[in-house]
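Asks: Put together the whole structure using the sequences plus the hints.
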Amino acid sequence: MKTSRLSVETGRSRAIVDLTPQVRHFLKGEGDGLLNISIPHATAGLVLMELGSGSESDLWNRLDALLPRDQRYVHSHGSPGHGADHVLPAFITPTLTLPVLSGKVSLGTWQSIVLVDPNVDNPHREVLLAFLTDGS
Amino acid sequence: MKTSRLSVETGRSRAIVDLTPQVRHFLKGEGDGLLNISIPHATAGLVLMELGSGSESDLWNRLDALLPRDQRYVHSHGSPGHGADHVLPAFITPTLTLPVLSGKVSLGTWQSIVLVDPNVDNPHREVLLAFLTDGS
Amino acid sequence: MKTSRLSVETGRSRAIVDLTPQVRHFLKGEGDGLLNISIPHATAGLVLMELGSGSESDLWNRLDALLPRDQRYVHSHGSPGHGADHVLPAFITPTLTLPVLSGKVSLGTWQSIVLVDPNVDNPHREVLLAFLTDGS
Numbered sequence: 151m152k153t154s155r156l157s158v159e160t161g162r163s164r165a166i167v168d169l170t171p172q173v174r175h176f177l178k179g180e181g182d183g184l185l186n187i188s189i190p191h192a193t194a195g196l197v198l199m200e201l202g203s204g205s206e207s208d209l210w211n212r213l214d215a216l217l218p219r220d221q222r223y224v225h226s227h228g229s230p231g232h233g234a235d236h237v238l239p240a241f242i243t244p245t246l247t248l249p250v251l252s253g254k255v256s257l258g259t260w261q262s263i264v265l266v267d268p269n270v271d272n273p274h275r276e277v278l279l280a281f282l283t284d285g286s
Numbered sequence: 151m152k153t154s155r156l157s158v159e160t161g162r163s164r165a166i167v168d169l170t171p172q173v174r175h176f177l178k179g180e181g182d183g184l185l186n187i188s189i190p191h192a193t194a195g196l197v198l199m200e201l202g203s204g205s206e207s208d209l210w211n212r213l214d215a216l217l218p219r220d221q222r223y224v225h226s227h228g229s230p231g232h233g234a235d236h237v238l239p240a241f242i243t244p245t246l247t248l249p250v251l252s253g254k255v256s257l258g259t260w261q262s263i264v265l266v267d268p269n270v271d272n273p274h275r276e277v278l279l280a281f282l283t284d285g286s
Numbered sequence: 151m152k153t154s155r156l157s158v159e160t161g162r163s164r165a166i167v168d169l170t171p172q173v174r175h176f177l178k179g180e181g182d183g184l185l186n187i188s189i190p191h192a193t194a195g196l197v198l199m200e201l202g203s204g205s206e207s208d209l210w211n212r213l214d215a216l217l218p219r220d221q222r223y224v225h226s227h228g229s230p231g232h233g234a235d236h237v238l239p240a241f242i243t244p245t246l247t248l249p250v251l252s253g254k255v256s257l258g259t260w261q262s263i264v265l266v267d268p269n270v271d272n273p274h275r276e277v278l279l280a281f282l283t284d285g286s
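Chains as they are written, first to last, in the numbering used here: chain G, 151 to 286; chain D, 151 to 286; chain Y, 151 to 286.
A couple of the hints might just be wrong.
Claimed, not checked - Here are the computed lysine to aspartate or glutamate pairs in the EDC-like style, where the Cα-Cα straight-line distance is at most 20 Å:
no.	chain 1	residue 1	chain 2	residue 2
1	G	152	G	180
2	G	254	D	276
3	G	152	Y	182
4	G	152	Y	284
5	Y	152	D	284
6	D	152	G	276
7	Y	254	G	276
8	G	152	Y	180
9	D	152	G	182
10	D	152	Y	276
11	D	254	Y	276
Simulated from the structure, these hints should not be mistaken for lab results.
Replies: Put into structure tokens, the structure is as follows:
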């Protein structure tokens, strides 16, 4: 199994980061198999979505409705609203698996692989890539 | 890795489509391994749920509460409410992986594999099936 | 592919159960590969989250907002609010896949693998573990 650990700078604001170019680079020259992407963090998630047409702010808007950034959370430390960040991975999964054919990850025209990081207290994130091939 | 591309007609209304029979057919005669199901579309998702007892309308009801079909979305084109469709895959994942034993996908008695397609502008959908076996 | 079927007692109250110790035990002595965890039940889900700091009750609080435990559901039988349980797996996925390196599941410091079971009518649950190795 081929693996790689990406370092992603998400900064001090909440961030939606496109991981697709790094994923494509990781798979270059590989064959068929399954790619798993996972985040070893308890306050971020992964999404397949269209970027660049406004859905980023639409997603934050809906997340703020589901997980208001206020003081209601029992788990509360760090910046205001951080309690919401700890609930996020229940709804926005931190692990995704995708098929790979001839070294190309199978995505639709409008899909990008993105890291959703609402956490303003953690400017550095890691993403694990693991490619399990069928050996052919 | 064995793969197949299903064509699914979802029509001009929002649709919940049972993919289980086609998945079972795809796996017939296979051995043990992992099955990945993914949708190369930015406005649909996959769910494991019980069908035929009313949960379909319950799901639409709760999705409408989380993602109201109105004009609030920055990403707005197509039919009213289409902005909501673009946020859906953040909450309803477009990729699922399930274990397969002796060519049978492991599902509970009440679980079906379903495509959730809120998008009324796209009557045709594709679903990718990829089965990675352990070779035994 | 190595598999195991865990029996989990979730009791007559809604429950968040840490599966991490059993997952680690299952993988002991294994090599590299992908671990799939799935629940053959239509009213429970799996989450990677931090335990022990209050996020458990924060998660229930937010689930109750998204899926109110009242009589609004078409699918209604069993205890009050059970209709909500049938919608839960659309939002809280019942299947997760994680990379395994040298027999160790890749989790972050604050991540646990947990079963989220809102269903008070079903005190016993099964969890399927399936480990697909690369054979090395």
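Asks: Determine for every hint whether it applies to the structure shown.
Replies: Taking the hints in turn, this is what the structure says about them:
1. 152(G) x 180(G): holds (10 Å)
2. 254(G) x 276(D): holds (18 Å)
3. 152(G) x 182(Y): Measuring from Cα to Cα gives roughly 9 Å; hence the hint holds.
4. 152(G) x 284(Y): holds (10 Å)
5. 152(Y) x 284(D): holds (10 Å)
6. 152(D) x 276(G): violated (31 Å)
7. 254(Y) x 276(G): holds (18 Å)
8. 152(G) x 180(Y): holds (16 Å)
9. 152(D) x 182(G): holds (9 Å)
10. 152(D) x 276(Y): violated (29 Å)
11. 254(D) x 276(Y): Distance ~18 Å between residue 254(D) and residue 276(Y) Cα, so the pair holds.
The structure is inconsistent with the numbered hints 6 and 10, although it conforms to all the rest.
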